[in-house]
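J.: Dock chain B against the given chain A, drawing on the hints supplied.
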Amino acid sequence: MAKVLMKGNEALAEAAIRAGCRYFFGYPITPQNEIPQYLAKRLPEVGGVFVQAESEIAAINMVYGAAGAGARVMTSSSGPGISLKQEGITYMAGAELPCVIVNIQRGGPGLGGIQPAQSDYFQAVKGGGHGDYRLLVLAPATVQEMVDLMEKAFDLADEYRNPVMILGDGILGQMMEPVEFSEEKETLRQEKPWATTGAKGRNPNIINSLFLDPAELEKHNHHLQQKYDRMGKEVLWENYQTNDAELILVGYGTSARIAKAVVDQARAQGIKAGLFRPISLFPFPKVALQEACKKAECVLTVEMSMGQLVEDIRYNLEFKVPVHLYGRVGGMVPATRAVLEEVKRLVNSGKAGENP
Amino acid sequence: MITVFDRPEALTSAKTHYCPGCTHGIIHRLVAEVIDELGVREETIGVSPVGCSVLAYNYFNLDMQQAAHGRAPAVATGIKRVHPQKIVFTYQGDGDLAAIGTAEIVHAAARGEKITTIFVNNAIYGMTGGQMAPTTLLKQVSMTSPQGRDAAPQGYPIRVSEMLATLDGPAYIARVSVHTPQEVSKAKKAIKTAFEYQMAGVGFTLVEILSTCPTNWGCTPKESLRWLVDNMIPVYPLGVKKMVEGVKV
Chain A
0 MAKVLMKGNE ALAEAAIRAG CRYFFGYPIT PQNEIPQYLA KRLPEVGGVF VQAESEIAAI
60 NMVYGAAGAG ARVMTSSSGP GISLKQEGIT YMAGAELPCV IVNIQRGGPG LGGIQPAQSD
120 YFQAVKGGGH GDYRLLVLAP ATVQEMVDLM EKAFDLADEY RNPVMILGDG ILGQMMEPVE
180 FSEEKETLRQ EKPWATTGAK GRNPNIINSL FLDPAELEKH NHHLQQKYDR MGKEVLWENY
240 QTNDAELILV GYGTSARIAK AVVDQARAQG IKAGLFRPIS LFPFPKVALQ EACKKAECVL
300 TVEMSMGQLV EDIRYNLEFK VPVHLYGRVG GMVPATRAVL EEVKRLVNSG KAGENP
Chain B
0 MITVFDRPEA LTSAKTHYCP GCTHGIIHRL VAEVIDELGV REETIGVSPV GCSVLAYNYF
60 NLDMQQAAHG RAPAVATGIK RVHPQKIVFT YQGDGDLAAI GTAEIVHAAA RGEKITTIFV
120 NNAIYGMTGG QMAPTTLLKQ VSMTSPQGRD AAPQGYPIRV SEMLATLDGP AYIARVSVHT
180 PQEVSKAKKA IKTAFEYQMA GVGFTLVEIL STCPTNWGCT PKESLRWLVD NMIPVYPLGV
240 KKMVEGVKV
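Residue numbers (numbering that gives the first Met the number 0), protein chains in the order written: chain A, 0 to 355; chain B, 0 to 248.
Hints listed in this document are in silico derivations from the structure and should not be mistaken for laboratory results.
Fair warning: this is a prediction, and the values are worked out from it, not measured in the lab.
Ideal Cβ placement from N, Cα and C applies to all residues, glycine included.
A portion of the hints provided could be inaccurate.
[As the list claims (entries may be wrong)] Here's a subset of chain A near chain B, in silico, CB distances under 8 Å, partners left out:
1. 22
2. 46
3. 48
4. 52
5. 60
6. 62
7. 63
8. 69
9. 197
10. 199
11. 204
12. 208
13. 348
[Stated by the list, open to error] Simulated pairs of lysine-lysine, DSS-like, Cα-Cα distance not exceeding 30 Å:
14. A:199 x B:188
15. A:199 x B:191
16. B:247 x A:199
17. B:14 x A:218
18. B:247 x A:191
19. A:199 x B:14
20. A:40 x B:85
Next comes chain A alone, as it looks inside the complex (with noise of 0.2 Å):
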């Protein structure tokens, strides 16, 4: 299939509909509104449905209510939004519904602000919600990934009967890069035995997170554990430039396209220095990161936060090697030629090797 140019959004709408979703249900944020913009329009043209609801709640619990009755089904949002559809998520997890949920990330706290931001990294990676649990997250740096992932979250999402979260920014959201989409596949009959369809010639099926009895409560959680654990063969990572590193610059999405110019710029300058891009932020891809810091003295990560993936890679990297931030926020992208400062502040500092 021929290549064509579009927007992060749109392009993460057009993957949903190959990847056999039929129904979105959302509400309006910036900056992903080309999501469902573009969704009101094609889905009625693949007979699927398109309902804008009253809030971010509602538009959760109906995909809560669509992914039971066994559907192939997302929603997407931003901070504000992802903040409110919390308390569908977590029902979602209890309750082990599959579904696909967008964050096209914005600057917070609270309303923040419209531009691109990675502030919302440890709601995604941690849970989000009340309760015990976990998603699936992936994180595109590109639109034709946004694309790629957008596929594999469904399946991923049937799989472990979970929701899987895709976590954009709103750059990647914005831009525009030539996409090339796959065949649509054959995933709309993947059985779901479970699926509330009316009980025909069967047992009642229960949607359900309610466990009042602590002991059963508790045998949930560890079965929860387990399909967590499980998820642990999901890892997703990039490597670039990390064979000979002495300084390793970590960052995901956005941040780490711009990582990716600064490794080359520092490698012109003689600092050997690589990337390591987790794809999948939750499974985290650990060994891969301790692998590809083998030989560094230092790694940086570079986000758009006060400092949220670092702790992930200080915690992964076993606190071995010493992990620098640098991060910008409020809508503040990291420059290319501030973090290359930085990397060779680092190294000239001879103190890149001490803990920050």
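T.: Just chain B, lined up with the frame of chain A:
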């Protein structure tokens, strides 16, 4: 031997957790009888709320989803949009529907979602121990209105059926009660009409059923029926609030 009275097929044999004198049991049975009579048990998907009837999924012999507090109409919307040919209903109390879930019920009604809502109004939060509900009457004593509900700080009770009947989306809205056998019979008729209207695809349907809560009203089951008649019906008058004409059922 001829069986003249039995459990409807749409109910399980599970013993309910409802308090003595509570009318949830009657209402469950009416819904189940209607589903049986319409022959749609295997085509029906129910949504249980948060509140006293949270465990309704154990009592209805149907495919069921348990919804977050107040969100049953949104969950039902998701189900119905995926399965437009199936019958979808929510079963909700007054705290769930008229407080935390006000937005969801209003907009499901405004969209004309082809679902049926069974709205059980007992003017109190039962499950959590008798706190003031959006439908608690003026002067009614509850755990969080110990001096009696006073309009000045605590506002007025909401008449949900009348409010929703002003919208264009609903096809059938009625308020009934189950305090006498005659009223039980009328209530069943209203529930049946609501399901038939849903099956005819005309729009949103809701039956509000006045219900007792002797435990949290602090009276005997018999007294509670009298209290409902004397206090609730004057504020929540019974009858059909909206009915789209010309629907063949």
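J.: Take the hints in turn and mark each one as holding or not.
T.: Structure-based check of each hint:
1. 22: It holds, given that the least Cβ distance between residue 22 of chain A and chain B is near 6 Å, below 8 Å.
2. 46: Hint violated; residue 46 of chain A Cβ to chain B Cβ min 12 Å, cut 8 Å.
3. 48: Since chain B brings a Cβ to about 5 Å from residue 48 of chain A, closer than 8 Å, the hint holds.
4. 52: Holds, about 7 Å.
5. 60: 4 Å, holds
6. 62: Check passed: Cβ of residue 62 of chain A comes within 6 Å of chain B, closer than 8 Å.
7. 63: Interface hint status for residue 63 of chain A: holds (5 Å vs cutoff 8 Å).
8. 69: Where the cut-off is 8 Å and the nearest Cβ of chain B is about 7 Å from residue 69 of chain A, the hint holds.
9. 197: Because about 5 Å separates residue 197 of chain A from the closest Cβ in chain B, which is inside the 8 Å limit, the hint holds.
10. 199: 4 Å, holds
11. 204: Hint on residue 204 of chain A: holds, closest Cβ of chain B at ~5 Å, below 8 Å.
12. 208: 7 Å, holds
13. 348: With a closest approach of 52 Å, the residue 348 of chain A hint is violated.
14. A:199 x B:188: 26 Å, holds
15. A:199 x B:191: 21 Å, holds
16. B:247 x A:199: 26 Å, holds
17. B:14 x A:218: 24 Å, holds
18. B:247 x A:191: With a Cα-Cα distance of about 35 Å, the restraint between residue 247 of chain B and residue 191 of chain A is violated, given a limit of 30 Å.
19. A:199 x B:14: At roughly 24 Å apart (the allowed maximum being 30 Å), residue 14 of chain B and residue 199 of chain A satisfy the hint.
20. A:40 x B:85: 26 Å, holds
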